[in-house]
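**Student:** Here are the chains, one letter per residue:
There are 4 protein chains.
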Amino acid sequence: MAKSKFEYVKSFETEDKLLPNCWIVVRVDGKSFHKFSEKHEFQKPNDMRALDLMNRSAVKVMEQYKDIVIAYGESDEYSFVLRKDTEIFNRRGFKIMTYINSLFTSSYVFYWKQYFKEVKLKSPPYFDARIVLYPTDENIRDYLSWRQADCHVNNLYNTTFWALVIKGGLSNIEAEKRLCGTFSSDKNEILFSEFNTNYNNEPEIFRKGTILLRKRIKKPNSEHFKRVIVPLHEDLIGEKFWNTHSEVLSIKPGQDYYFNDTLPDLVKCQLCINTKRNYDEKNNLKEAE
Amino acid sequence: MAKSKFEYVKSFETEDKLLPNCWIVVRVDGKSFHKFSEKHEFQKPNDMRALDLMNRSAVKVMEQYKDIVIAYGESDEYSFVLRKDTEIFNRRGFKIMTYINSLFTSSYVFYWKQYFKEVKLKSPPYFDARIVLYPTDENIRDYLSWRQADCHVNNLYNTTFWALVIKGGLSNIEAEKRLCGTFSSDKNEILFSEFNTNYNNEPEIFRKGTILLRKRIKKPNSEHFKRVIVPLHEDLIGEKFWNTHSEVLSIKPGQDYYFNDTLPDLVKCQLCINTKRNYDEKNNLKEAE
Amino acid sequence: MAKSKFEYVKSFETEDKLLPNCWIVVRVDGKSFHKFSEKHEFQKPNDMRALDLMNRSAVKVMEQYKDIVIAYGESDEYSFVLRKDTEIFNRRGFKIMTYINSLFTSSYVFYWKQYFKEVKLKSPPYFDARIVLYPTDENIRDYLSWRQADCHVNNLYNTTFWALVIKGGLSNIEAEKRLCGTFSSDKNEILFSEFNTNYNNEPEIFRKGTILLRKRIKKPNSEHFKRVIVPLHEDLIGEKFWNTHSEVLSIKPGQDYYFNDTLPDLVKCQLCINTKRNYDEKNNLKEAE
Amino acid sequence: MAKSKFEYVKSFETEDKLLPNCWIVVRVDGKSFHKFSEKHEFQKPNDMRALDLMNRSAVKVMEQYKDIVIAYGESDEYSFVLRKDTEIFNRRGFKIMTYINSLFTSSYVFYWKQYFKEVKLKSPPYFDARIVLYPTDENIRDYLSWRQADCHVNNLYNTTFWALVIKGGLSNIEAEKRLCGTFSSDKNEILFSEFNTNYNNEPEIFRKGTILLRKRIKKPNSEHFKRVIVPLHEDLIGEKFWNTHSEVLSIKPGQDYYFNDTLPDLVKCQLCINTKRNYDEKNNLKEAE
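Protein chains in written order, with the numbering used here: chain A, 92 to 380; chain B, 92 to 380; chain C, 92 to 380; chain D, 92 to 380.
Bound-form chain A, shown alone (with noise of 0.2 angstroms):
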């Protein structure tokens, strides 16, 4: 078999080493699920089983992939961000991208029934990725704030939106006429003034996205530490959560990945309130304890 023959088409593939001593993101966002939620009846303006399911894929991208170092996650997209020193496949940008896409998107599918029940999952849902890289600890906070910042704007609009819709009796035209040119001050008051809603008392998973980050844990009533990846919905456009979380930014090649996290809110209020959001590198899912 004349192998080595064709083997020289082999060179026509490019080389696609990234810069090194940069932050890398890579983002997934979902292909026309405007419609795919449709299909499947996601609840409106936001079905909480898409969210958990898009978090706990993340979680799985996160588990495998230990140089990403924090996630964030709304509406049908993910953005996961690599240490700025990682030699992950050798920086390879097409490896990395490709490999988080494609774990992403088998998890959605695999951890479907799981969220959904007894929904069936009609059609295969799929995700497009891209590669960016920041060289500051500047530029990296600025992109998930942009990301962040991208989650109110949408989802103020969604919130007030299908208020008309659903609440209002408008139509999906009437209320996009309705809305159009209006500032956030003024969907704001429509949600107070005609439907008794106060945004801001909205869950802070709809308005704030969700953030992931690895940290050590004491759980309650017990001596020992657990390594888990605590999903996070707050601000983190301010300097507070990357004052509390400084870890993020400053980690050192080597070190373990996991932060001992002291503060009592954090360790009361994750892991007893939002317990199922809690995700435990060893047993895949840890399911409400």
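The hints are simulated quantities; they were obtained by calculation from the structure and are not laboratory data. Note that this is a predicted model, so its numbers are computed, not measured. Just to be clear, a hint being listed does not mean it is correct.
If chains are identical, the list can't say which one is meant, so a pair holds when it fits in one copy or spans any two.
As the list claims (entries may be wrong) - Straight-line Cα separation of at most 20 angstroms, SDA-like style, residue types lysine to any residue; simulated pairs:
#1 186 to 221
#2 343 to 99
#3 186 to 102
#4 126 to 214
#5 122 to 157
Based on these hints, arrange chains B, C and D on the given structure of chain A.
**Tutor:** Here is chains B, C and D on its own, set in the frame of chain A:
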């Protein structure tokens, strides 16, 4: 919300428009499928369920992306060839590569049960992808020949290896040692003299892999044409294949991608014998007619 | 000296290997040559000294880099076409582009005095460069046609513009206004009716630019062949040029790049009439024989 | 003229926008300068005329491109560092690289006579260029340190080699053998014990190369400031250089690129001793005042 303040980060994304007028290949490749196949007890040396699932997933990709004119799969990899003149996603390489990879992955999990029945999927399988350009028809033919030659070399090795292990009672290490340094002729001889196996009589899908083409075929006893994606398991290194399916490399913009195929052996053999692996564009999967 | 401590910075350099089996074009283009030509009082609309200097510099580049099979120049730009199969500098695009650009620039300054005689060079002229790939013969022909069409359009404009200014006494702004919105036919008419000029009788070097080819030609009254780089000023958009010089696109690896040319008109016309612009590989510049 | 028919070829050009917020280095490097220096009988181990010509050419480049904040040259190479936030040529890498390379080359030929006087330039010298990104201040400092360490290693070798050849009477091959496997300390010892030369007393321009900075300096006996490009020949690996010239890495958008420098030793030493190598922005070359 100071959205605009952060939006500058979008400018860090890179343009990745592919050179026009080149064949585009996207090849997806299983991540650690050796381990994955063991965990799910794939039959050795080839598991028909796994091959059918790969083919089914590839068909799903071809159904979605009409600019794929031919696909070729073997083992845990699949190559998709897009028309030279495709303008899909404005020829942005990241988009093309990640959509195809993600849809393939998603389909693999989605259709798993259809082929593996009671065998439960234990973890989300995933795939990397690469994208490569080939300027000429000769280059793209050589690319496909390269993969088919690879299929042959691997399958001959695996067939002999597993014969030695399963039928010959050797341990994996003993079989590996036995085959170390052998030529194709040696392996053929081992199969023939020791296991009474003529390698050339092994199923063509194992020896040649699977070629997916778009065809309009006449259903038996019907006047109507039907657009299908046809799986072929034959040699594509020689001239014969390309003479028979000359449309693959000569398709014109705006042309119907499906070509009449009146070759009786194709109509008969493929439709009758391989019918379960003929895929109908409309009805997702066409089970035995 | 802790050399190794710093050497890691080399890893930040990017690989830039060009796709194999494509025609490679390097186009150099004068930086602010409008201003440069005014400063050095170039004749309008065309300065033969400047064109000859451009051609001489391009010949120097072709002498140095044998994988250039054809070059085309007009105004302050020059395009160099390298064989599809060239392995020069391992097809690293930066190397190819910057060497050609730098040698062209260097030659322009080096040979200045030879053409501009007593006109002193007042400041260092310089050029940018770009590198572009063309997969097929049709693409590379279209590329060259594009540049020659550009030459025609610009030269017809400039010829008319400067006729209006120099012979017609219009100011630059008046001439510009006069030509605004005119078609080729209008400009031809202005030249003919107002300045008694038949544009088609203008020198071909102005209307067609300069094509550089490698040829082996017989010197008049001699038995010996000589390798020269021949400047042609003729149409390359039509078929005739490519039929006459069919070797350009069909050169094979290892072949002598210089082709016998027995066309009597070429031998006679070029060697006798344009002799000053025939360039001998060995003796740098072959002055009138 | 069917111009539009061909214009599609422009779409084959690639976008090459550089990642924002990174230091940009363009390094030009002489092509076959070993041979070129022999042909023009450069003095060994260093030829002051050649170094001055390199520096003069680099100054020309810095005069033209204000976003270059520092340049470093040694032997036949020069590195230009552009501000992290430069938007020059819309950060298109090809443009930046080829303009700098071409202007440097052009200047080298243009100013040749000024330094080499009666020594005629025999052939056009030329340079390649590469462009590299460095995300952090530490990286760009390490890059410059890498080049200065290279300067030291090469110069110590060359100084010893040519001492052995010119003063010691060894042939080139004998000198090469003698130095094979030696350490820095060995070469220092050879110079000291055999040629009565203390390497540390060699001219700093040879041992440290040339750093070009923009400064506003007070002319002796004058109240006026003057913007100049100052050549320094000192260590830039240690902290001292960067403390003294802290503006280089901290320049802000819109700021005047020239900084007051009141260090008396600089004003005095540079202006008085090295005066011929101080370059005045306006008057091209400021000869001894």
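**Student:** Run every hint past the structure and note whether it holds.
**Tutor:** Structure-based check of each hint:
| no. | hint | in the structure |
| --- | --- | --- |
| 1 | 186 to 221 | both (12 angstroms within a copy, 8 angstroms between copies) |
| 2 | 343 to 99 | between (41 angstroms within a copy, 18 angstroms between copies) |
| 3 | 186 to 102 | both (17 angstroms within a copy, 19 angstroms between copies) |
| 4 | 126 to 214 | within (11 angstroms within a copy, 27 angstroms between copies) |
| 5 | 122 to 157 | between (26 angstroms within a copy, 17 angstroms between copies) |
Going down the numbered hints, you'll see the structure goes against none, and every one checks out.
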